[in-house]
Amino acid sequence: MINKIITIFLIFGINFHISAQTMHAIIVSNTEDANIGKSCEMDQMMMIAEMNTIAKAIRYEISLKIISSGSFNFENLEQFIKELKANENDIIFFYYTGHGFNKKNYNDKYPIMDFNTVKYPLFMMHKKLKKKGARLCITMGDCCNNIIDKAKEVNKNLLVVEENKDKKNKIYKNLFLKPKGDIIVSSSKRGEYSYVHEKKGSYFTDEFRKALVYAVNYSNSLSWENLLIDTRNRVIRINQNKVQTLQFDLNLVSKPHPPIPNEPKYTDINKYLNDLSDNNISESERILLLDNYYKYFKKNARVDIFVGKIMTDMKTVEDFLDRIFLHADKIKSINLIENKSKISSDGKKYQQIAVQEIW
Amino acid sequence: MEKNISKLQCKKFGNLKITKFVIILSFLCAFSIENLNAQNKNLNVVEEFELTDEELKAFKQTTRDKISELETCIKIIGDKKYSSIKKKKSIETALKLFIPDAKMQVSSLRNGRVSVNTFPMETYFMRLKSLPYSKVKISFYDLAYISDFQKGADGKYYATAFIFQKFEGFYGDNLSYEDKTQKTIDITLELREDPFFKKKRWVILLGDVKVTETKK
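Residue numbers (my numbering), protein chains in the order written: chain V, 2 to 360; chain L, 7 to 222.
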């Protein structure tokens, strides 16, 4: 009898220990700023939703700390970080959306966050958070990175300008459960601005979320590198004539899927398809892209076109590419559905792809 | 129930009851399986020829995209500023949208009178490419309207699209001819074998394009 009681206790005890792994989500958002406040509010909402989704998918407790509105100041953040405790299996995900900049004499490519009275480098924040000893530490900054003079005001450029649940969870696990180490990301390179959309929020945050949702639904496997490269390509595309280049550094111990030599990367295919249907790229460049399709696809490869979950059309890759070349002004974006696509037996090109077109 | 029967009696009658029970249960199972198979067969047959609302909605969206494709192709083929490569690709792409013997009606409005002519689709595109104007501008001034798909007696689904075209022909900078035309396009959604991939699938094809109204 006693053995039974001990066994039951141990089982519940172990379960309790497993369920106590925590994702510390720290969202810092300048929602009261006159220029970018509304966009930051959108970013904050999107990231809260995303953090909750991630935590549920990997079965982690979520500890959500939001520093925004009236509490948006460096002292609050500093106090919180000081008191933050993380276990060795925990995840720390720090996300900042607000003003940022860089300086001529400041020797780092990552931006400095602007808390009005206090300016604090993103990289220093990342260092501080890494010291907490969590298994995975992610620091993300969505802010300008343009170089300013000491004496000048920070100039933030304001451009008012969609299942298999196990597969989805697998992607989240690959990103958040398997890797150990740290990641730092900023939405623009040193010397560049980051742009916002009045209704969608910051372009970087919006495209990061889309890239993540897309990968979770359509990719076979996903690495942080692919995710961030895809986000970078999306931001470049959506921003059209503005220069904004996401940058990142990965310091991860385990890579879930080592790259297979010569296997076409889904980020490359996505970029190829979207460049072909990008009216901002000259026709002659796009004709060249069209002529070089054989780099990624077998001759007469099959293309299945989906609307949502339903396949509504089928074409040879030649016909499909001609079509998106011609209708570039009407196509908003194209997503490769990697988990419904097939690579040829030699592993070098696609013999069948599935895509979602957004007109 | 029979709570007062002795244990021995329970055992004897129990065995008989169990046997009866098993036989009845077996019959019921066999009947259910048979029925289920029949139902499944019916379901498979029905599934093959019946599309759900969600599927029809998706095909309607794709039809909208195809109409949009056609409009863009017509614009490119008629406009003198586009390269011959682009025009050639547009004609090839546009033709693949249609059933093989689809026809295009064209109209012209002169001296208050409308005249309508009908051409095979390929002939129409070649004529459009070679219009004598120095500049041609074709635009579509309203969003195309597409009716819901309705199932025909032959198992195919049918819909109609309405497009609104504005045509302007110039000699130099002088506007020589302009009109606005409303046209209908027959749409068919049918299950057929893909001629290239040899795979059965639902295919959307555009049919005849007819003029319903022409005005200045």
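One or more of the hints may lead you astray.
Only pairs whose alpha carbons sit at most 30 Å apart, straight line, appear in this in silico DSBU-like list of lysine-lysine [claimed, not checked]:
| no. | chain 1 | residue 1 | chain 2 | residue 2 |
| --- | --- | --- | --- | --- |
| 1 | L | K63 | V | K333 |
| 2 | L | K172 | V | K343 |
| 3 | V | K341 | L | K93 |
| 4 | V | K299 | L | K206 |
| 5 | V | K333 | L | K222 |
| 6 | V | K174 | V | K105 |
| 7 | L | K102 | V | K333 |
| 8 | L | K87 | V | K333 |
| 9 | L | K216 | V | K331 |
| 10 | V | K296 | L | K205 |
| 11 | V | K86 | V | K174 |
| 12 | V | K310 | L | K206 |
| 13 | V | K272 | L | K216 |
| 14 | V | K316 | L | K93 |
| 15 | V | K316 | L | K221 |
| 16 | V | K299 | V | K243 |
The set of hints was computed from the structure by calculation and includes no laboratory data.
Evaluated hints:
{"no.": "1", "hint": "K63(L) <-> K333(V)", "result": "holds (20 Å)"}
{"no.": "2", "hint": "K172(L) <-> K343(V)", "result": "violated (44 Å)"}
{"no.": "3", "hint": "K341(V) <-> K93(L)", "result": "violated (33 Å)"}
{"no.": "4", "hint": "K299(V) <-> K206(L)", "result": "holds (22 Å)"}
{"no.": "5", "hint": "K333(V) <-> K222(L)", "result": "violated (33 Å)"}
{"no.": "6", "hint": "K174(V) <-> K105(V)", "result": "violated (40 Å)"}
{"no.": "7", "hint": "K102(L) <-> K333(V)", "result": "holds (23 Å)"}
{"no.": "8", "hint": "K87(L) <-> K333(V)", "result": "holds (24 Å)"}
{"no.": "9", "hint": "K216(L) <-> K331(V)", "result": "holds (25 Å)"}
{"no.": "10", "hint": "K296(V) <-> K205(L)", "result": "holds (26 Å)"}
{"no.": "11", "hint": "K86(V) <-> K174(V)", "result": "holds (23 Å)"}
{"no.": "12", "hint": "K310(V) <-> K206(L)", "result": "holds (18 Å)"}
{"no.": "13", "hint": "K272(V) <-> K216(L)", "result": "violated (40 Å)"}
{"no.": "14", "hint": "K316(V) <-> K93(L)", "result": "holds (20 Å)"}
{"no.": "15", "hint": "K316(V) <-> K221(L)", "result": "violated (38 Å)"}
{"no.": "16", "hint": "K299(V) <-> K243(V)", "result": "violated (35 Å)"}
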